[in-house]
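> Chain by chain, the residues:
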Amino acid sequence: MSEDDIEDDNDDDENATPSYTGASDTEGSVHPTTTTFSDTESLPSESEVDDDDDDAMKTLQLAVEKASQKIEEEPIKIKKRKKLGLPTHSAPTVDYDEDIVAPAKKKVTLDDIRAHTLSSFGARSLDRLDELEKRSKGKSEVVKSRLGRRLEARIDRAAAYEIAKDEVGKWEDTVKRNRRAEHLEFPLQQSGGAATADITGVVDVGGELDGENLVRGLENREFSLEEVVARRNEMRRMRELMFREEMRAKRLKKIKSKTYRKIHKRERERAQEIAAQLEGEADDADADEDDYERLVKRARERMELRHKNTSNWARDVKRMNLHKTKGTRDELEAMLQRGEDLTRKIEGDDDDISDDELPHGNDDEEVSEEASGIMGMKFMREAEERQRKQNQEAIDELRRMEGGGGGDEDIEVTDSVVNIINQGRRRYAPGAQNSKEAAEESVEQSVEAEDMATPLERKMASIVVKDTGRPALAARTQRTKDGDPGKEAHSNSNSSKSNPWIQNVEPASVAKNASVLSLSKESTRDAKAEAKLKRSRRKAKKAVQAGNTEVAIDVNQILQVRDVHDDDGEADSTNVADSQVLMVYNGGRRARPTEIQQRELVKRAFAGDDVVRDFQEEKKRTVEGEADKEVDVTLPGWGSWTGKGIRKLQKNFIVKVEGINPKNRQDSKLKNVIINEKAAKKSAKYTAGVVPFPYETREQYERSLRIPIGKEWSTQSTVQRLTKPKVIVKPGVVVEPLSAPFPT
Amino acid sequence: MKVKTLSRSSDVYLPARNSEVSRLPRNLDPELHPFERAREYTRALNATKLERLFAAPFVGQLGNGHIDGVYCLAKNTRQLNLAASGSGDGVIKYWDLSSRDEIASFTAHRGIVKGLAVTVEGNLLSCGMDNTVKLWDITKKDQSDSPAKTFLGSSGFTGIDHHRSNPVFVTSSNAVQLWDENRSKPTANLSWGADNVNTVKFNQTEQSIIASAGSDRSIVIHDMRSNAPVQKLVTLMRTNAMCWNPIEAFNFAAANEDHKIYLYDMRNLTRSLNVYKDHVSAVMDVDFSPTGQELVTGSYDRTIRIYRVNEGHSRDIYHTKRMQRIFCVRFTMDTQYIMSGSDDGNVRLWRANAAARSNIKSARERSKLEYDAALKERYKNMPEIRRISRHRHLPKPIKVASETKKIELASIKRKEDNMRRRSKKGTMPYPREREKQIIGVAIKQAENKD
Chain A
1 MSEDDIEDDN DDDENATPSY TGASDTEGSV HPTTTTFSDT ESLPSESEVD DDDDDAMKTL
61 QLAVEKASQK IEEEPIKIKK RKKLGLPTHS APTVDYDEDI VAPAKKKVTL DDIRAHTLSS
121 FGARSLDRLD ELEKRSKGKS EVVKSRLGRR LEARIDRAAA YEIAKDEVGK WEDTVKRNRR
181 AEHLEFPLQQ SGGAATADIT GVVDVGGELD GENLVRGLEN REFSLEEVVA RRNEMRRMRE
241 LMFREEMRAK RLKKIKSKTY RKIHKRERER AQEIAAQLEG EADDADADED DYERLVKRAR
301 ERMELRHKNT SNWARDVKRM NLHKTKGTRD ELEAMLQRGE DLTRKIEGDD DDISDDELPH
361 GNDDEEVSEE ASGIMGMKFM REAEERQRKQ NQEAIDELRR MEGGGGGDED IEVTDSVVNI
421 INQGRRRYAP GAQNSKEAAE ESVEQSVEAE DMATPLERKM ASIVVKDTGR PALAARTQRT
481 KDGDPGKEAH SNSNSSKSNP WIQNVEPASV AKNASVLSLS KESTRDAKAE AKLKRSRRKA
541 KKAVQAGNTE VAIDVNQILQ VRDVHDDDGE ADSTNVADSQ VLMVYNGGRR ARPTEIQQRE
601 LVKRAFAGDD VVRDFQEEKK RTVEGEADKE VDVTLPGWGS WTGKGIRKLQ KNFIVKVEGI
661 NPKNRQDSKL KNVIINEKAA KKSAKYTAGV VPFPYETREQ YERSLRIPIG KEWSTQSTVQ
721 RLTKPKVIVK PGVVVEPLSA PFPT
Chain B
1 MKVKTLSRSS DVYLPARNSE VSRLPRNLDP ELHPFERARE YTRALNATKL ERLFAAPFVG
61 QLGNGHIDGV YCLAKNTRQL NLAASGSGDG VIKYWDLSSR DEIASFTAHR GIVKGLAVTV
121 EGNLLSCGMD NTVKLWDITK KDQSDSPAKT FLGSSGFTGI DHHRSNPVFV TSSNAVQLWD
181 ENRSKPTANL SWGADNVNTV KFNQTEQSII ASAGSDRSIV IHDMRSNAPV QKLVTLMRTN
241 AMCWNPIEAF NFAAANEDHK IYLYDMRNLT RSLNVYKDHV SAVMDVDFSP TGQELVTGSY
301 DRTIRIYRVN EGHSRDIYHT KRMQRIFCVR FTMDTQYIMS GSDDGNVRLW RANAAARSNI
361 KSARERSKLE YDAALKERYK NMPEIRRISR HRHLPKPIKV ASETKKIELA SIKRKEDNMR
421 RRSKKGTMPY PREREKQIIG VAIKQAENKD
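As given, the protein sequences belong to chains A and B, one line each in that order.
According to the working numbering, the first sequence is numbered sequentially starting from 1.
According to the working numbering, the second sequence is numbered sequentially starting from 1.
Isolated chain B, as found in the complex (with noise of 0.2 Å):
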């Protein structure tokens, strides 16, 4: 007798290759699958919980570091895996950061190395307090005898930058002056004002765009086509460090000593676009992810800060007990990684995401993560996942740094409101945010285009 019994084939459910991922079949029933907003709480809850879990942000050092503080760094804009430092003691040094080991090493001036760049070559150039700049042929193995070419400049420069995709780079001392890397003077001086300037920086999109920082609060735009300063906009405090959108052609992120970082509009430097706060003492560095929706700075309260482009607050901070004050930071080109050079010498490899890993994924792990990620992001209002991603253990000196500066706001801001109320009504307008540092721009406009 033969027995019926309920089977199927294999062939439905079983993949004809062995490289093929098995299907799983579903049933969308939405009886068998009660109870979806809770279950994917949940779920957002614990993939909250386990991104708090792997959060390793730190990868780890670049060699042994340096002697002394490392105060600049450069990232070579074409390779991945190239950067270079400079210190205090007029050493630099170029690392490999894939093995994070150091490829050459060479004093390069006298005195502190102020500034990094990168030719449109590969080929590094730096800036110190000994009025040189200095080309070197990175291909080559030994740099002790002397570099490619030198630039001899009339005081101590203070920063460098290169064009994009000319032969043409950009330093700040006493004066904003544009060189020929083919030529020993510089071309054009396109200075306004300040007697010292601090930072200088190219625009990557729109190539001849330069900003420049003074030592007088002030930041000025300048144009290498009309080789003049076009626009200047003074500040209550000093800006440290500039840099442009790389997608956002007209926009730039400027660190000042306030503590803050402004995203200013070039076009119109009455106002800042947003103020990223945060940070408890002065910004000393930042810089845009290739991506142009992050930023990434460096303090001198040891603390490194990640800021998304369209929010105020960071996103994340990133600590050690030995990092010092930290003077320099640079996303990597493939926006995975971020470097940090500080007061004590080491520069510092970080992810750019706490809890990502860059390993290869298989499809089902990769779906699984957009599928948390997506999860969070709806969730993330929620008190308890809310409270879960923002926890951060601080050092104690930064919490109570923040802490009293808190208070100390709060007293200025009661101050104010009581001066605010006892005075004639409208004669204490309450201040904008994004415009109280702003104390004048040079040329105002005529009319709005826009």
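In isolation and in its complexed conformation, chain A is listed as follows (with noise of 0.2 Å):
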């Protein structure tokens, strides 16, 4: 039913016959009630149709009837609803919408009507319906008003709906905000208004109110005449200026020349600089706020490489030998001083460059360096200082060492090595030049040391010497060369309380981490852990790597090596097995008969425990276990009778339990795990089954119940905003409906 029809259908609001029977008839068949409607309808419309017309509409509608039957016959089509509209046409009243709904179809008009009624029976009936037509031709007027007035009402209305809902839209920020707040506390407009606050009429009434108070206020104060001149004449003098600025600026801009603008860009950076450092030391206040520009800048210099005479600049300077002049040549300089600047910025943020060494350090920048990034963090900085500490105190524990000869050599010897191995990249700590020569004897008798030891100590040695690629002797001689060997000293120095754990033997990577390694028991706990991880993915690392090797049995390395050296010299006994496993994993390029012993020992230990053989018969009996299978729940004796006129019994004892296919399993694909295919009945109490409606995910759901509510769990202000209920009635008040705070 369209939009027109619905019009049609109800617009009698004057007292004009709903002559035909519109929607109710078509859609007659969807509704039981629509008949009565349609009978409601027509009734009226025969009520006042009057008695003398009676006659005429009969004979008209034989007239009609047999007249569609030949328009039927010929292309003129009408539609079934203006057939039957059409006898209203002799109502005078009656100005049905053929106008309006379709101006451009052909109507049905009494000369067609007349063409077709041949027969004398029409005859007096045609005379009468000429006469209607004259009436009609006479009210047509009235016709014509009508229908502008249903225009009009149906155009209002339109216009009224429209305001209306603009009316009530006014209510959606309201309804909105009520929508999405966590708590209604009904009733809703005492509890601070909460529902209407928003409104924003209201808001902006109030706003209105405030800046009349104030044009009031002002108006109501006065000024004496000495004020008003000063300030006229200041504000001309503004004036004057900022338009002579204008002018200026007018002027510059129109100028081409680059130099012009080389050089004031440069006068203007230099005023700029000037001014920064003036107000850098004059207030210290504003440092945070330009400290974001400052990084900008200096992230932006990064980006650009400026500073660096592999630009294009540089190289066409250098290549066209504009270096001879003195402006580039300046230039140039500049440039490059930077780059070092930034460079020397760059390695102070990794190196902890202490003060003294660094010629011409810049204190500001050194500063700046050091309170950034994790170095800045106040633990660290306190790790940082413990560590000071301690290498002073080990420094003077060297000393007193050098000066009383006391102490345990062996655990420098060992201990030296190992650090000395481990510490790759060398670093330079305070003090170093103090605690040279204490390191260089030590490793002096590290040397003497070696060949006294027992086999396994040589035989770590030389492992690990072998493994950092880089020869002890030659580290000494490079060390002595540096003449810088503090970090090693203080490693060393460290040794009698430190661990140097399994890092130290793992060959490939000392090299590269050597620097963090000397961990020892005072050191910070996230160091620790730091170190921790390393370690773990370092062997994940290798144990890819070393895909060849294999590894015959899991031992924890850490222990072990750490027995040697704490075992001091006693361990050459004990340890031996130790260090053959150590050897087994390290090995792949050294095979030892101790090794090959080894496994045979391995080998034999493990004999009977076939382990894999027995992962797989167990995966395999699981797998068809779970399988279909075909029971036989045969009766023994069952149908085995004999006698006259027994029927053979068909034997089908064979029941088949679906099971799940084994090429279906989850872990089908899967060689080395078992997966339960039984459905686990006891949690299925516990699980929905399906996500739920507001949550769009399993996780989605599942971290909605993750945090229990109870007050065993939280704090009783979280137990209170848990279970606040969503809507809050005041018990015993009415519930007075949203009133509108504009008017209405």
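Because the hints were derived from the structure by calculation, they are not lab data.
Treat the hints with caution; some may be incorrect.
Stated by the list, open to error - Computed far set for chain A versus chain B, every beta-carbon distance over 10 Å:
1. 149
2. 251
3. 628
4. 711
5. 720
6. 736
Stated by the list, open to error - Only pairs whose alpha carbons sit at most 20 Å apart, straight line, appear in this in silico PhoX-like list of lysine-lysine:
7. B:376 x A:726
8. B:376 x A:685
9. B:380 x B:396
10. B:321 x A:724
11. B:368 x A:724
12. B:185 x B:134
13. B:406 x A:726
14. B:415 x A:726
15. B:361 x A:724
16. A:711 x B:134
17. A:724 x B:380
18. A:730 x B:368
19. A:682 x B:380
20. B:361 x A:685
21. A:685 x B:368
22. B:321 x B:396
23. A:726 x B:368
24. B:368 x A:711
25. A:730 x B:361
26. A:730 x A:711
Where a beta carbon is used, it is the ideal one built from N, C-alpha and C, also for glycine.
Dock chain to chain to rebuild the complex, using the hints, since each chain is given by itself in its own frame.
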């Protein structure tokens, strides 16, 4: 049913007769009540037709029927509805909507009918019709006006609807807010007008009022004559200055010379620099604000790489021999200087270069650099401080030993070797010079000790030396050349408590990570954790790399190596096997007889243990057990009786029990896994079948259940917050509907 | 010798005054409270079971009821405990809800009382099929002599509603008419089309807007400011009752003959916002809870159902053995109770929450109830809890009817699917559930402003 139908159907606001049955007829099949509607609608139309028109109606209808039959044969097509509507043309007031609905369509006129009714039967009635037509023509103006009124009403309604919608739409914000609200406390408006506070009209009105007050207050204030004059002069001056500045800017803007621009740019920069310096000195409060800008600037510098002489410009300068000229040379130098500064900054980030070692260290920069990153955090700084203290102590200890000559040499020896090897890249620590001799001596001692040491120690040392790919002696010479063995000394001195763990023996990665690896019991927990993490990662990597070397037994090598060191000299007898294991681990390149022995040993120890086969068997059993099965349910003796007239029983006692197809199993492609395919019936009770409505994923839903609500698990306030109902109604109070704060 | 023992002062754990609640020290160490999920689930389950155990929705009937069926109810919107009911024999009774006694009873009309409304002053307006609207002064002891005012109409009135703040009321008969309390003739005629209007309702928030439902299956929105009908919607079946949402000015619910209730936005009537299903017969009346969060409906299938506004199925169903076809339901103004009037002549009072009790509760009890509610809400999707909380014993006819209806709908769907399968692709689109019932609107949106 179209819009027009609705309009027409119901638009009998005046006493116009709904003489066609419109929607009710066409929709009649839809609903039983519609038939009654059509009845009621047709009733008034019957009553209103005049008695003397009655005959005319009948004859007319007949005529129309005839005509319409003929018309149907001819190509003129008229809708059924229109046909039904036709008789109403007899009623003077009826206007129906051919003009509106289908103005272009051809109408059936009396002439049409006359043309088709040739018999004398319709003559009288046709006369009658003529009369009617005349009448209707006489009142055609009324029809016109009514049409206009209807249209008018329709347009009015549309406009009124728009207004009503707009009016109601004012509530939109309130409604949205209430829907979104976590808690609604009724009655709404008494609780601080939460629902109406955001109606814009009110807010606007409030704002206006404030403005008015302000203006009024200003008006009331009185100014003296001098004040007014002074203010006016000031304003005039400012205007003048602004105008001049503007004119100047305009003039400058027109200058096209590049050199001019360049010079001015440089000038501007210099001025800015100076200003920045002045500012920095004068006032540190603004530093925070400028920090960001400075950071951005520095980042830009880094991106630009203007400070290296690899840039196009620099190369051009060199190529053209422009660096001979004073200006460009200066510029180039400045650039390189900046580059150097920056690199120094970067270095400063990584290395803890002490101030006294830097010849021309820029103190300010140093400070800012120190404070940045993780190193700037308090705990790291504390850790550093602690480390430094320890170093100092260790150095003191060394000095004392040097002086007194006491101490256990063996410890020194082993540890020094290991630590030296682990150092990789050299580091410089305070007090390096002081402990230099001590370190050298300790190294020498270690070399000597190598000769005297037990086979195990020798082995250890040799392995280690080999793995680092840097012979101990070479290392030593290098070190002496460098003259800065401070770090070694530091770790060395630290060694009495230190715990050099497995990293010391792990070959490939040692060089890279050496700097961080000297962990002691005193080092912070974070540092330890970090080291551990790195270690595990490295291990994994190595496992992948060394695919060819077979690890026979996964022994905790960390412990073994520490034992070697901690047990000092006595380790030789007890830890042979361990070291050999280690060697097996490290092997693949050097198979020694001990190693082979070890393998043999392991083999023998686990001789009867074929884990893999057991597992495979178990898996096979599980798969078969859960697959389709055919169960024989034969009862022994059943159907085996004899006698006359006994039919042979069909012996089908095999029942098929459906299971899980081995191919469809989740673990069908996983060699080393058995996945239980049985549905967990017990847990089904505690799982929601599907993800419930507001949630989109399973994880979301599970997250919503994760944190318990009860008071055993959270504080009073949290419990109250979590259990507060969404809608709270004050008991015993009339909950009024919202009322508008704006006039309606 | 003095023996030292572990001891602590009672000041730490005992309240200083009797009125104070003793504070139990708590240890929040998670080690001491393991299995939190399992424990809370069990608590939720128990709470759900207890809720069903305590569910006793029926409070009682008002007085001795009417002699004839009750066909209209009105609540005093300014006082909690006053309500009126009108019956088929023309008698109006005025009730005190707290004592459940009648305050006044009088024959108001010849024939059925079709509508009741309460004026701003708290007086009662009634309309009947005897072409009259009568204003009753409730404060008077004896109503038998005569009403305070009588308004004469040209045909029998089918519904009445009063403006929230002005002395203006609107009636439905063969036309929608606007009346002033102080005038004897209607001030305006707002009708559009229908020759018989079933019901008429004022919007309580946007107070100048009126909705009416006609027997030509139309819903018409009228605006008092422009004194004209503004929008019309025609649905497949007749609308029996309507109610505006008290906190959402543009939304109203319409109880339809087709067993469903529809929620419409008056700004866009081309689709409904929500469809509330579950009834197995025509829905005769609908009323919003004053909080606008829930709907109560009374149906020809002899049941009352309560819906949450944003859900499509009822959260509860009320019925009794003796209760007949329900023609009117109302929430009380404090959202705690529901009144229903039915064919059997009784006016019944129900709890809006079957398991809730309105006694004064200690803080501890209240917090326990809140905790339980939160747990039930959290675990409501667990199968066991879901099953228990949804379980209701229904009267056999309703159970049977709902099952039959299910089968009928399935067969209709199957038939349509078959047709769709055999017809050209795209010629039979799936009808939208929320637009199915709509035949058309008079004024279509030229452009959507939102």
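> For every hint, state whether the structure bears it out.
Taking the hints in turn, this is what the structure says about them:
no., hint, verdict
1, 149, "holds, 13 Å"
2, 251, "holds, 53 Å"
3, 628, "holds, 30 Å"
4, 711, "violated, 7 Å"
5, 720, "violated, 8 Å"
6, 736, "violated, 7 Å"
7, B:376 x A:726, "holds, 14 Å"
8, B:376 x A:685, "holds, 16 Å"
9, B:380 x B:396, "violated, 27 Å"
10, B:321 x A:724, "violated, 37 Å"
11, B:368 x A:724, "holds, 11 Å"
12, B:185 x B:134, "holds, 13 Å"
13, B:406 x A:726, "violated, 34 Å"
14, B:415 x A:726, "violated, 44 Å"
15, B:361 x A:724, "holds, 16 Å"
16, A:711 x B:134, "violated, 59 Å"
17, A:724 x B:380, "holds, 17 Å"
18, A:730 x B:368, "holds, 18 Å"
19, A:682 x B:380, "holds, 19 Å"
20, B:361 x A:685, "violated, 34 Å"
21, A:685 x B:368, "violated, 25 Å"
22, B:321 x B:396, "holds, 11 Å"
23, A:726 x B:368, "holds, 16 Å"
24, B:368 x A:711, "holds, 10 Å"
25, A:730 x B:361, "holds, 13 Å"
26, A:730 x A:711, "violated, 25 Å"
Violated hints for the displayed structure, listed by number in ascending order: 4, 5, 6, 9, 10, 13, 14, 16, 20, 21, 26.
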